[in-house]
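Here is what each chain is made of, one letter per residue.
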Amino acid sequence: MDQLLQFLISGLTVGSIYALVALGFSIIYNASDVVNFAQGEFVMIGAMSAIFLLKDGMPYPAAVFCAIAITVLVGLALDKFAIEPAKNATVVTTIIITIGASIFLRGAALLIWGKEIYGLPPFSGDKPIVIGNATILPQNIWVMVGTGAAVLAVKYFFDKTLMGKAIMACSYNKKAAFLVGINVKQMLLVSYGLSAALGAAAGVLVAPITFMSYNSGVMLGLKGFCAAILGGMGSSMGAVAGGLLLGIIETIGAGFISSGYKDAIAFFVILVVLFIRPSGILGKAESDRV
Amino acid sequence: MKAMVGYCLFALSTIVPAILFPDNYYVTVVGVTICTNIVLAVSLNLLMGYAGQISLGHAAFFGLGAYSSAVLTVKYGIEPWIAMIAGAFMVAVISYILSRPILKLKGHYLAMATLGLGIIVHIFFVQADQLTGGPDGMSGLPVLTIFGIPIDNDIKWYWTFAIFMLLSVLFSLNIARSRSGRALAAVHGSEIAAQMLGVDTAKVKSHIFVFSAVLACITGSLFAHQQDFVSPESFGFFFSIELVTMVVLGGLGSTYGAVVGAIILSLLPELLIVFEDFEVLIFGAILMTIMIFLPQGLFVAMEQAFHNFMNRREQGAANATS
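Order-wise, the sequence lines are chains A and B. Each residue of the first sequence is one higher than the one before, starting from 1 at the first, in this note's numbering. Each residue of the second sequence is one higher than the one before, starting from 1 at the first, in this note's numbering.
If you're looking for bench data, these hints aren't it; they were derived computationally from the structure. Treat the hints with care, since some could be wrong.
[Claimed, not checked] With a straight-line cut-off of 30 Å between C-alpha atoms, the simulated DSS-like cross-links for lysine-lysine are:
#, chain 1, residue 1, chain 2, residue 2
1, B, K75, B, K156
2, A, K80, A, K160
3, B, K104, A, K87
4, A, K80, A, K165
5, A, K80, A, K115
6, A, K155, A, K165
7, A, K175, A, K155
8, A, K262, B, K106
9, A, K185, A, K174
10, A, K80, B, K106
11, A, K80, A, K174
12, A, K262, B, K104
13, A, K155, A, K185
14, A, K174, B, K106
15, A, K115, A, K55
16, A, K115, A, K262
17, A, K185, A, K80
18, A, K55, A, K127
19, A, K175, A, K87
20, B, K106, A, K155
21, B, K106, B, K203
22, A, K127, A, K262
23, B, K106, A, K87
24, A, K155, A, K87
25, A, K175, A, K80
26, B, K75, A, K262
27, A, K160, A, K175
28, A, K174, A, K160
29, A, K165, A, K185
30, A, K175, B, K106
31, A, K165, B, K106
32, B, K104, B, K203
33, A, K185, B, K106
34, A, K80, A, K155
35, A, K87, A, K165
36, A, K174, B, K104
Model the full structure from these sequences, guided by the hints.
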């Protein structure tokens with residue numbers, strides 16, 4: 001039982017990160033029907049920029065802010081130079097384009113930061129807090145609280161602000177959105193920026209717990225995709241739920257079955273879910289247009 | 001007729017260099033890699049290009065072939081041919097069982113499922129170290145003998161792969177013109193319309209999935225014998241992605257497109273090696289650029305441009321005479 005609580009704590013921590021990545025996936029997917037395989041690279045760029053800005057003597061909060069800003073610029077560039085020019089591309093083609101982008105970004109990161117692994121110091125000390133027989137690190141709390149705040153902010157943005165509603169309108173029907181005077185191109189750009197910001201936030205939050213290197217984004221990106229699918233592609237809150245669930249399943253699987261097969265367990269669960277419910281747990285069943 | 005001429009030219013282009021330069025690095029090493037990649041790309045194109053079903057886990061079947069040959073021959077001392085057939089049979093059964101639930105999925109969900117499958121198989125290769133040798137891999141495979149000829153040097157391997165590749169390409173070209181090829185094309189166009197016309201779409205899709213997997217598996221067995229070494233690295237997520245890229249880069253749905261894509265992706269690393277640290281960056285940039293500006297694929301785009309050019313010339317000639 002104590003063990004279970006401990007697993008739950010680490011599961012929720014990892015799951016929060018997956019949730020942020022998955023949320024990024026689903027925002028871009030909603031806005032542009034693109035599954036952005038460079039999503040994991042946003043996490044890596046956010047974390048690595050923060051690490052190196054901090055190294056160069058920038059104060060911690062400023063480094064975090066700049067790192068997120070840098071990643072947002074990368075996200076905007078991705079939309080402007082890779083997605084927008086390829087307007088009529090099919091699903092497979094856009095997948096290859098974003099994979100190309102992720103390889104490109106990894107290559108750039110390799111040139112700038114090299115192959116070594118780096119970590120960030122924790123936000124506020126590393127003295128574990130004891131709850132019953134389980135312990136929780138301050139950084140774990142930061143991750144969960146940070147994720148919660150980001151998710152609420154995104155929800156507020158889409159539900160309450162004019163721009164958020166405009167983006168939602170684009171995701172329902174681009175032509176109709178255009179006809180009521182929404183600047184669709186600009187909304188896409190905002191979605192990519194927002195999604196990059198979420199990725200960077202995930203990177204900064206997790207960097208004090210796991211080390212980062214130029215290719216750490218790959219697995220995080222795939223897990224985020226997994227979580228987004230688990231929750232039902234395109235459903236934002238589904239993505240968050242999928243992320244948390246995936247994190248918990250993975251940690252419990254690693255703890256009770258085998259840590260070597262940790263990633264395999266996550267993907268196995270996904271396969272089983274897809275076989276039973278082909279459009280995710282919270283996804284709506286799709287029907288084909290004939 | 002025209003198709004046969006094209007095929008013969010293609011066959012000649014693989015045979016002539018091997019006769020002229022039997023010791024050249026680009027024939028014995030790069031040539032074998034190219035042939036391997038062509039078969040894999042062509043087999044994936046059967047599924048992706050003809051039937052329209054995306055797969056991000058094709059390397060898994062390639063790996064299962066390689067590992068079944070390696071494990072059965074090295075650990076259990078089974079004859080290479082029997083090991084190869086056993087591997088192919090196992091993959092046929094696995095892919096048949098998986099085909100129905102997997103191919104029921106569509107679009108991104110299908111991408112996720114195949115990706116997951118690929119990653120699970122890869123993790124199995126790494127983790128089941130008692131069987132597979134873990135991350136270090138296995139070596140010491142026995143020599144493969146074909147019709148009494150031991151395949152024991154580089155140029156013999158080149159011929160083996162070249163013939164295997166040419167047969168696969170011929171097969172893939174012919175399947176497009178067969179009854180099942182047309183059924184596949186119908187599934188690609190619209191699954192519901194195909195069902196309405198009486199095509200058993202689930203059966204057609206599952207057959208091509210099994211076939212494509214078995215072809216990749218046999219390639220894997222040959223690859224294991226040729227390399228005399230298998231390790232999980234060769235069969236990971238990135239290789240699956242590379243295979244998809246080959247198919248899409250050349251032109252989805254075109255056999256020669258897959259061939260061209262495979263050749264480009266096999267040669268690019270050889271050419272980019274001079275850029276050293278910039279290699280990855282440039283590779284990503286090239287990939288993006290081609291897909292943004294030629295989304296239908298390099299080979300298909302060139303083919304279209306050629307047709308347009310010929311048409312215009314004919315028109316020009318007609319205008320001149322009238």
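Next on the checklist: Hint check: K80(A) vs K165(A), CA-CA at most 30 Å. Holds or violated?
Outcome noted: holds, 22 Å
Checklist entry - Does the alpha-carbon distance linking K155(A) and K165(A) stay inside the 30 Å limit? => result holds, 11 Å
Checklist entry - Quick one, are K127(A) and K262(A) close enough, alpha carbons at most 30 Å? => result It holds: about 27 Å lies between the C-alpha atoms, which stays within 30 Å.
Checklist entry - Given the hint that K174(A) pairs with K106(B), does the C-alpha gap stay at or below 30 Å? => result holds, 23 Å
Next on the checklist: Hint check: K106(B) vs K87(A), CA-CA at most 30 Å. Holds or violated?
Outcome noted: holds, 22 Å
Next on the checklist: Checking one constraint from the list: CA of K175(A) to CA of K155(A), max 30 Å. Satisfied?
Outcome noted: Holds, at roughly 24 Å.
Item to check | Pair hint K174(A) and K160(A), alpha-carbon separation not exceeding 30 Å | outcome: holds, 20 Å
Checklist entry - Is K80(A) within 30 Å of K155(A), Cα to Cα? => result holds, 25 Å
Next on the checklist: Would the hint linking K262(A) and K106(B) be met if the CA-CA limit is 30 Å?
Outcome noted: holds, 26 Å
Checklist entry - Does the structure keep K115(A) and K262(A) at a Cα separation of 30 Å or less? => result holds, 25 Å
Next on the checklist: Given the hinted pair K55(A) and K127(A), is their Cα-Cα distance within 30 Å?
Outcome noted: holds, 23 Å
Checklist entry - Are the Cα atoms of K80(A) and K106(B) separated by 30 Å or less? => result At roughly 28 Å apart (the allowed maximum being 30 Å), K106(B) and K80(A) satisfy the hint.
When each numbered hint is compared with the structure, no violation occurs for any of them.
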